[in-house]
Amino acid sequence: MDLTTTTRQRRPLLSGSSSSSAKPYSKTDKPRRSDGGDAEDRGLGWFLPFIALCYLRYMSATSNIVHDCDEVFNYWEPLHYLLYKSGFQTWEYSSNFALRSYLYILFHELAGRPASWWFGDDKVRVFYAVRLFLGLVSAVSDTILVVALSRKYGKRIATYAVAMLCLTSGCFFASTSFLPSSFSMYAMSLSSGLLLFEKYAMAVAVSVFGVILGWPFSILAFLPIVVYALVKRFKQAFISGAATSILLLGLSVLVDHYYYKRWTSSVLNLLIYNVLGGGESHLYGTEGPLFYIKNGFNNFNLGFVLAILFIVLFPVIRRKYDRCLLVVISPMYIWLAFMSLQPHKEERFLYPIYPLICVSASVVIENIPELFREKYSTRESLLVTITKYIRPVILGLILCASHARTFSLINGYSAPLEVYKLLEHHDDAGPGSVLCVGSEWHRYPSSFFVPDYISEVRWIDDGFRGLLPFPFNSTLGGTAASPSYFNNKNQASDEQFLKNIETCTFLIELQLSRPYAYRGSDLSTWEAIAVLPYLDRELSPAKYRSFFIPYKWQEKNVFGKYIMLRRVPK
Numbered sequence: 001m002d003l004t005t006t007t008r009q010r011r012p013l014l015s016g017s018s019s020s021s022a023k024p025y026s027k028t029d030k031p032r033r034s035d036g037g038d039a040e041d042r043g044l045g046w047f048l049p050f051i052a053l054c055y056l057r058y059m060s061a062t063s064n065i066v067h068d069c070d071e072v073f074n075y076w077e078p079l080h081y082l083l084y085k086s087g088f089q090t091w092e093y094s095s096n097f098a099l100r101s102y103l104y105i106l107f108h109e110l111a112g113r114p115a116s117w118w119f120g121d122d123k124v125r126v127f128y129a130v131r132l133f134l135g136l137v138s139a140v141s142d143t144i145l146v147v148a149l150s151r152k153y154g155k156r157i158a159t160y161a162v163a164m165l166c167l168t169s170g171c172f173f174a175s176t177s178f179l180p181s182s183f184s185m186y187a188m189s190l191s192s193g194l195l196l197f198e199k200y201a202m203a204v205a206v207s208v209f210g211v212i213l214g215w216p217f218s219i220l221a222f223l224p225i226v227v228y229a230l231v232k233r234f235k236q237a238f239i240s241g242a243a244t245s246i247l248l249l250g251l252s253v254l255v256d257h258y259y260y261k262r263w264t265s266s267v268l269n270l271l272i273y274n275v276l277g278g279g280e281s282h283l284y285g286t287e288g289p290l291f292y293i294k295n296g297f298n299n300f301n302l303g304f305v306l307a308i309l310f311i312v313l314f315p316v317i318r319r320k321y322d323r324c325l326l327v328v329i330s331p332m333y334i335w336l337a338f339m340s341l342q343p344h345k346e347e348r349f350l351y352p353i354y355p356l357i358c359v360s361a362s363v364v365i366e367n368i369p370e371l372f373r374e375k376y377s378t379r380e381s382l383l384v385t386i387t388k389y390i391r392p393v394i395l396g397l398i399l400c401a402s403h404a405r406t407f408s409l410i411n412g413y414s415a416p417l418e419v420y421k422l423l424e425h426h427d428d429a430g431p432g433s434v435l436c437v438g439s440e441w442h443r444y445p446s447s448f449f450v451p452d453y454i455s456e457v458r459w460i461d462d463g464f465r466g467l468l469p470f471p472f473n474s475t476l477g478g479t480a481a482s483p484s485y486f487n488n489k490n491q492a493s494d495e496q497f498l499k500n501i502e503t504c505t506f507l508i509e510l511q512l513s514r515p516y517a518y519r520g521s522d523l524s525t526w527e528a529i530a531v532l533p534y535l536d537r538e539l540s541p542a543k544y545r546s547f548f549i550p551y552k553w554q555e556k557n558v559f560g561k562y563i564m565l566r567r568v569p570k
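According to full-length UniProt numbering, the sequence shown holds residues 1 to 570 in order.
Among the hints, a few may not be true.
Claimed, not checked - Label-pair distances were calculated between CB atoms; the ranges are:
no., residue 1, residue 2, range
1, Pro515, Arg262, 47 to 57 angstroms
2, Gly120, Gly478, 18 to 28 angstroms
3, Glu527, Asn473, 14 to 24 angstroms
4, Pro114, Val568, 37 to 47 angstroms
5, Lys388, Pro289, 33 to 43 angstroms
6, Thr525, Pro289, 27 to 37 angstroms
7, Pro541, Thr475, 47 to 57 angstroms
8, Pro471, Gln491, 14 to 24 angstroms
9, Gly478, Asp121, 13 to 23 angstroms
10, Asp121, Val305, 42 to 52 angstroms
11, Gln491, Leu48, 49 to 59 angstroms
As the list claims (entries may be wrong) - Once the Cα atoms are required to be at most 25 angstroms apart in a straight line, the calculated DSS-like pairs of lysine-lysine come out as:
no., residue 1, residue 2
12, Lys155, Lys388
13, Lys552, Lys570
14, Lys261, Lys489
15, Lys543, Lys570
16, Lys345, Lys489
17, Lys320, Lys261
18, Lys294, Lys345
Quick caveat, the hints were computed from the structure, so don't treat them as lab data.
All of these numbers come straight from a predicted model, not from anything done at the bench.
Glycine included, C-beta positions come from ideal geometry on N, C-alpha and C.
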């Protein structure tokens with residue numbers, strides 16, 4: 001990949017001539033050094049960023065919690081069904097609606113299928129093998145973005161960016177989540193990197209993958225990259241985008257036909273349902289216009305504030321960098337504005353722009369001295385020198401706050417994953433055992449954590465009145481089934497709850513300090529076989545639950561008990 005022609009625009013040198021007539025200084029103007037200067041001019045190498053990202057993605061894959069029940073029921077469960085012929089089906093996967101693409105699931109089967117052969121019945125390891133695969137994809141795409149930033153804009157920006165891509169809470173958790181928005185995030189990193197490398201046709205092709213194979217709504221976020229590529233190399237970019245679109249859409253239709261047993265396009269169905277059909281997303285909850293601002297601060301703290309300030313500081317920044325940088329960062333503003341206007345909001349909806357938040361914040365940190373350089377005539381004034389040394393301090397504060405956020409979430413909310421893992425140690429209950437879950441259905445970590453000796457996982461009525469997932473029904477056609485109990489109005493079905501809880505062998509409950517009785521409180525019927533603390537979000541102060549503060553985190557927060565119970569033999 002020839003990168004020697006890529007230049008970095010810097011501030012003009014002070015001279016007797018006016019700034020308007022000064023020639024921009026670029027990397028190609030730097031004098032060659034005999035002590036390794038050529039290697040330095042090429043920016044960061046590939047090895048160190050890749051190793052750093054792989055290490056942090058490994059940590060994410062092995063310690064990440066499941067943040068959203070949609071990740072489980074719309075993605076992990078269909079994958080489990082393809083691998084093991086059992087799992088839960090949501091109404092979106094009913095062939096009558098066909099809103100979800102099995103092509104996206106098949107991409108993850110590339111890792112899941114070999115892992116299932118290798119690990120056999122140890123499904124928990126298969127779960128983590130898929131996560132490691134996602135972490136590797138994330139590491140590769142982010143490495144390309146970081147090296148591209150280094151080659152075009154310098155080592156310091158790239159170093160700041162790789163540090164935030166590794167350690168900020170948002171990237172740490174999103175990088176190994178099994179979600180289309182995470183896949184679009186991978187595509188955003190990769191397409192942005194390719195754009196900086198001036199590989200315009202490839203950038204457009206990757207953008208198409210992010211939209212069609214990943215999340216169709218992310219098309220708005222990829223528009224600046226695609227338009228810029230078309231302006232630069234129209235013919236190559238257009239052919240690349242058109243060919244990739246036709247190939248993926250055709251392949252998606254064929255895969256959908258294979259699984260749904262009818263000719264349909266899940267991509268088109270999803271767009272029609274949400275755009276033309278209204279989508280009725282309000283059925284699943286609504287949030288205020290500041291939801292993403294608060295969420296962005298939680299996941300990136302001061303880094304999010306600095307990222308937003310990029311557009312404010314752009315008059316200063318534009319003196320050092322070309323317009324390509326604005327093209328790369330602009331999707332952050334477009335996507336944030338668009339998603340803030342939608343009534344239904346989820347944290348995962350911002351995933352596609354997480355890498356851009358890191359890049360934008362890195363550029364702002366790098367250019368803090370430039371704010372003061374404009375005010376003073378001395379090129380290296382004391383204030384400019386001080387602000388240069390403040391830059392790593394700011395980065396350090398961002399990373400420390402991010403670690404506090406990550407540590408708080410993992411330690412506060414990891415109980416469901418850890419409790420379900422313990423089921424494999426109670427196989428003495430025998431084949432045909434039934435696992436019952438009440439109000440904790442939305443924290444069910446997937447069937448990968450349910451051993452084979454458990455024949456059924458059943459929901460019990462704890463007051464929820466929305467539509468719950470049902471097991472895939474092989475007698476009705478499996479993936480091709482369109483059961484009558486599914487609807488697109490989030491209306492509960494009479495069949496979704498277990499009528500006779502006497503058949504439950506195991507019970508999962510979260511017991512909080514609330515003024516009502518729990519089923520597990522009946523010690524004559526149930527015995528606790530696993531108990532782990534779970535952070536009580538409602539009773540814990542926001543500042544202590546959101547970030548881990550040594551000593552204060554356990555002292556100030558309130559914890560419930562996440563319990564797995566087993567029926568006492570009569």
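Structure-based check of all given hints:
no.	hint	in the structure
1	Pro515 to Arg262: 47 to 57 angstroms	holds, 51 angstroms
2	Gly120 to Gly478: 18 to 28 angstroms	holds, 23 angstroms
3	Glu527 to Asn473: 14 to 24 angstroms	violated, 34 angstroms
4	Pro114 to Val568: 37 to 47 angstroms	holds, 42 angstroms
5	Lys388 to Pro289: 33 to 43 angstroms	holds, 37 angstroms
6	Thr525 to Pro289: 27 to 37 angstroms	violated, 48 angstroms
7	Pro541 to Thr475: 47 to 57 angstroms	holds, 51 angstroms
8	Pro471 to Gln491: 14 to 24 angstroms	holds, 19 angstroms
9	Gly478 to Asp121: 13 to 23 angstroms	holds, 21 angstroms
10	Asp121 to Val305: 42 to 52 angstroms	holds, 49 angstroms
11	Gln491 to Leu48: 49 to 59 angstroms	holds, 54 angstroms
12	Lys155 to Lys388	holds, 15 angstroms
13	Lys552 to Lys570	violated, 45 angstroms
14	Lys261 to Lys489	holds, 24 angstroms
15	Lys543 to Lys570	violated, 47 angstroms
16	Lys345 to Lys489	holds, 18 angstroms
17	Lys320 to Lys261	violated, 56 angstroms
18	Lys294 to Lys345	holds, 12 angstroms
Against the hints set out earlier in the document, violations occur for numbers 3, 6, 13, 15, 17.
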